[in-house]
Amino acid sequence: MTTPGRGRSREQWGYLPYLLPGLLLFTAVIGVPFLMNIGTSFTEWTGVGAPEWIGLGNYRELVRDGEFWASFRHNVLIIFGMAIVPTMIGLVLAAALTDLVDRHFGPRTASVLRACVYLPQVLPVVIAGVVWSWLLAPENGAVNALLDAVGLGSLAHDWLGDPATALWSVVGVMVWMQIGFPLVIFMSGLQRVDPSLYEAAEIDGASWGRRFRHVTVPQIRPEIFVVLLWTTIAALKAFPQIFVLTKGGPGGATNVPSYYSWVNFFEKSDVGYGSAIATVLTLVILALTVVFLRLQARDLEEGR
Amino acid sequence: MIKAGRSAAVLAALAAAALSLTACGGDDGGSGGKELKLWHYEAPDSAMGKAWDEAIKEFEATHPGVKVTFEEKGFEQIQKTAPMVLNSKDAPDVMEYNKGNATAGMLSRQGLLTDLTPEVTKRGWDKLISPNVQVTAKYDAKGTMGGDTWYGVPDYAEYLQVYYNKDLFEKNDVKIPTTFAELTAAMDAFVAKGVTPLTNAGAEYMAHQFVYQLALDKADRAWVDAFQRYTGKTNFNDAAWTYGATTFADWVKKGYIAKKSVSLKAEDAGVAFMSGKFPMMFSGSWWFGRVAAEAKFDWETAVWPGAKMTLGSGGNLWVVPKGSENKQLAYDFIDITMKKQAQATLGNAGGVPVAADPSAITDAKAKKLIADFDGLTRSDGLAYYPDWPVAGFYDAWVAQTQKLMNGTAPGEVLGGIQKTYDGGLPK
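Keeping their order, the protein sequence lines are chains R and X. Taking full-length UniProt numbering, the leading residue of the first sequence gets 1, the next gets one more, and so forth. Taking full-length UniProt numbering, the leading residue of the second sequence gets 1, the next gets one more, and so forth.
Pulled out of the complex, with its shape left as it was, chain R reads as follows:
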C-alpha cells in the first residue's frame, strides 16, 4: 500500500527542480517588490531618505480623493474599449473569416485579412499612440481633414483636447489596437471545432446568425473567457496609451489609476501615495482574476 503513495509523491516532488527557477524569478521580480510596495503604501516617502510610517493615512486620503475615483470611472470605460468591444468584434470577425471568407474565398484570403486586423498588435503601443495623436491632431490631423473632405467639416475639432470626446477618442484607439488579439485567439479556437457541426446545422437550415449563436459561441467559450480575462487586466493596467495620447488630460478627463499612480511616484515624488494606488489597483486585478477563473471553472463543470 505504501509504495504507490510514495511513488506518487516522489513523482510530484520530481517536478520541483523545473518549477524552482520560475518560482525564484517570480519571488524576486514580482513577489518581493509587491510586498515592498504594500509596505511603502503605509509610509510617507519622497523616494529618498527614510520613509515615515503613517499607517493607513494614504488609504484614508485615497477614499476622499475625487481624482482617484474619477480615474477608476474612466477605467470602466477603458475596459469597455479594450475588453468588451474588441471581444465582441473579434468574435464576429473570427466567425465571418472562418465560416464565410475561408469557405468562399479560400484560406489565403482569410489569413491575409486576419494579418491586417492583427497588425496593430504588432506595433509598439507608443508608436501606435504617437501616430494616432497625429491622426487626431486638431490642425492638419487626418481625421479632421477627412471630415472636411466629405463635407462634415463642422464636426472637426480637438478630439483629444475636448473633455467630451477625449476619453471616447482614447477608447476608439484602444479598440483599434486591441481587436487583433481576440480575433487570432478565436480563429485558432475555431480550428478545433468539428466542421460537421456547421454542416449539420446548415443542412438543418440554420442561417449564419443562428450558426454563430448556437455553434460558434458555445464551442469557443473557453477562449472567450481567456480573452476577456486577459484584455480586462490589460485595460486596468492601461498606461502607455494614456501617457502618449493625453497624459491624463484635458484637465484629468482621461486619467486612469495606473497613470495617476505614476504621476504620484515620479511627478509629485509622493511615493507612499503612489504605492497605495498601485496596491489598490493590484488587489482589484487579483480579485477580478479570481472571479473570472471561478466562473470559468464553473462553466467547464457545467459543460461536462
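To be clear, the hints were calculated from the coordinates, so they are not data collected in a lab. Errors might be hidden in some of the hints.
Label-pair restraints from in silico Cβ distances [to be verified]:
#	chain 1	residue 1	chain 2	residue 2	range
1	R	LEU295	X	GLN77	41 to 47 Å
2	X	LYS57	R	VAL131	37 to 43 Å
3	R	MET36	X	LYS277	49 to 55 Å
4	R	VAL131	X	GLU182	38 to 44 Å
5	X	LYS277	R	TRP176	26 to 32 Å
6	X	ASP140	R	GLU139	43 to 49 Å
As a list, the in silico EDC-like pairs of lysine to aspartate or glutamate whose alpha-carbon atoms are at most 20 Å apart [said to hold, decoys possible]:
#	chain 1	residue 1	chain 2	residue 2
7	X	LYS142	R	GLU52
8	X	LYS419	R	GLU44
9	X	LYS419	R	GLU61
10	X	LYS419	R	ASP65
11	X	LYS427	X	ASP225
Facing chain X, according to a computed beta carbon distance under 7 Å, are these residues of chain R, among others [stated by the list, open to error]:
#	residue
12	PRO21
13	VAL48
14	ALA50
15	ALA142
16	VAL143
17	ASP148
18	SER154
19	LEU160
20	PRO163
21	GLY249
22	PRO250
23	TRP262
24	LYS268
25	ASP299
C-beta: ideal position from N, C-alpha, C; glycine also.
Given chain R, work out where chain X should sit, using these hints.
Frame of chain R, contents of chain X only:
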C-alpha cells in the same frame, strides 16, 4: 541533502561573485582621479551641447591621463530617476540637473548634493553670475531656492520672449508691438484678418506660462517671492492671479489663442510657428537656436511687451553628487565651462551665457537676445516659472489650464491650483 548543499554552495559563490563585481565597480570610480564621469542632457547640436563638447575637449587637453566618460541622458530620465541614482553607487562625478525647489532643492535637502560654496568663492564663480541668476543655484536648509548655500552652478540662463514672424506682420500690415496696448491691438488686427495671432500648446507648459505672464503684469517682486520662495502667503484669488486667468480665458474666447490647441504639445506649437503659420510665439530662449536654423522667414525677438518681470531664471545646474569620487576634477570641469571661450561658444550658438564677454558674441540676433536678458537681470526682472514652487505642480497647471481653455470658470481653476499649492508646501 548533498544536492541542497551543492545548490547552496553555487548560490553562495554567485553571491560572492556579485559582491566582488560591485566592489570592483566602486574601486574603478576612485582609482586616483583618472576618470571624470559626466552626465548631461543637452542635444549635441544645441548651444549648450556645443559649448560643453568643447569644454570636454579642453578638459582632456588640460588634464592629460584623465578620461572623460560622458553619458548623454534624457531630460526626463534624469528628472525622474536622479534621486535614486544619486543615492546609489552609480552616481556620476558631475551632472546637469534641473533647478528649482522640487528638484535641486529637494536633493540638497536630502543631502545628496555637495555644498559648492567654498569652491564657488575660491574660483570666483560668484563674481561672474549675477545675483538674479544665482537664486536658483543657492538653497537653504529646507531646500528652498534663494538660500545661502551653493549646490549648483548655472552656465547659462533662459527667459521667455516673444518671437515675431516679421513677414506675417508686414504682409498683414500690422506693426510689431512694443507695449501691451499695442500687443492687443495687433492681435485684434490679426483676428480681423482670420489669422490666429499666438501659437499655443495646452497639453504642455506654453498655456500656463501665458497665465503666469499675465499675472506678472500686475505683480511685483514681493508677490513673486511669496509664491516661489514662501516668504508670504499666496492667495490665488488675488487681483494678479485673477487677472491672469481671466485675461487668458478671454484671449481664448477672442481667438487670440486657438481653442483647438488644448491637446497640443509644445513641439507642435513650436513647429507650427517655425512653419510660418502664426505671427507670434511666446516661449523660451531654448527655442532660439532652432528658430534660427529652421525658420524660413524674417524674424526677431523681444521681451513680452511692457513687462517689468517675465518668466526666466538661471539655466540648469552643474551639480556634484555627494558620492562623487573625483570632486576636484568635477570642479575643474565646471571651471572650464565658466571660462570666456565656452561662454562665447554658448552665446554664438543661440544660448544665453551667464559670463560672456559681449564683444565675443558676433551674431546680431544673439547679441539682442543676450542684451535683452542683461536688461532683465539689471532690473531684477526674472520671475522663474509657475510650476516650480511645489512638486507635481506642473501637471496641476497643465490640467487646470486645459480646463480654463475648455470654459471652466477662472475662480474654480485658481481654486484647484491653490489646493495643489497648499498641499505641496514644505512642512
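Now the hints, each set against the structure:
In this structure the hint that R:LEU295 and X:GLN77 lie 41 to 47 Å apart at CB holds, the actual value being about 43 Å. The beta-carbon spacing between X:LYS57 and R:VAL131, approximately 40 Å, falls within the hinted interval of 37 to 43 Å. Between R:MET36 and X:LYS277 the C-beta distance comes to about 50 Å, which sits within the given range of 49 to 55 Å. For the pair R:VAL131 and X:GLU182, the supplied restraint of 38 to 44 Å holds, since their beta-carbon distance comes to about 42 Å.
X:LYS277 and R:TRP176 have their C-beta atoms about 29 Å apart, which keeps the hinted 26 to 32 Å range intact. Distance hint check for X:ASP140 and R:GLU139: the Cβ-Cβ separation is about 45 Å, which falls inside the suggested range of 43 to 49 Å. Only pairs whose Cα atoms come within 20 Å are accepted, and X:LYS142 paired with R:GLU52 is accepted, the gap being roughly 17 Å. Among the hinted pairs, X:LYS419 with R:GLU44 is consistent with the structure: their alpha-carbon atoms are about 19 Å apart, no more than 20 Å.
For the proposed pair X:LYS419 and R:GLU61, the alpha carbon gap of about 14 Å is at most 20 Å, so the pair holds. Restraint check for X:LYS419 and R:ASP65: satisfied, since their Cα atoms lie roughly 12 Å apart, inside the 20 Å limit. With a CA separation close to 18 Å, the supplied pair X:LYS427 and X:ASP225 stays within the 20 Å bound. Because the smallest distance between the Cβ of R:PRO21 and any Cβ of chain X comes to about 11 Å, over 7 Å, the interface hint for this residue is violated.
Using the Cβ-Cβ criterion of 7 Å, the hint placing R:VAL48 at the interface with chain X is satisfied: the shortest such distance is roughly 4 Å. For R:ALA50, the interface hint is violated, the least distance from its beta-carbon to any beta-carbon of chain X being 10 Å, above 7 Å. Taking 7 Å as the C-beta cut-off, the interface hint given for R:ALA142 is violated, the closest approach to chain X being about 15 Å. Taken as an interface hint, R:VAL143 does not check out: its beta carbon lies about 12 Å from the nearest beta carbon of chain X, beyond 7 Å.
The beta carbon of R:ASP148 is not positioned within 7 Å of any beta carbon in chain X (closest approach about 13 Å), and the interface hint is therefore violated. Look at R:SER154: its Cβ only gets to about 14 Å from chain X, farther than 7 Å, so that hint breaks. The interface hint given for R:LEU160 holds, since its Cβ lies 4 Å from the closest Cβ of chain X, which is under the 7 Å cut-off. At its closest, the beta carbon of R:PRO163 sits 6 Å from a beta carbon of chain X; the interface hint therefore holds under the 7 Å criterion.
This hint holds: R:GLY249 has a C-beta 5 Å from the nearest C-beta of chain X, less than the 7 Å allowed. Proximity of R:PRO250 to chain X holds as hinted, the smallest CB-CB distance being about 4 Å (cut-off 7 Å). Checking R:TRP262 against chain X by beta carbon gives a least distance of about 10 Å; that is not within 7 Å, so the hint is violated. The closest approach between the C-beta of R:LYS268 and any C-beta of chain X is roughly 3 Å, which is under the 7 Å cut-off, so the hint is satisfied.
Hint on R:ASP299 is violated. Least Cβ distance to chain X is approximately 42 Å, over the 7 Å limit.
Of the hints listed earlier, those the structure fails to meet are numbers 12, 14, 15, 16, 17, 18, 23, 25, in rising order.
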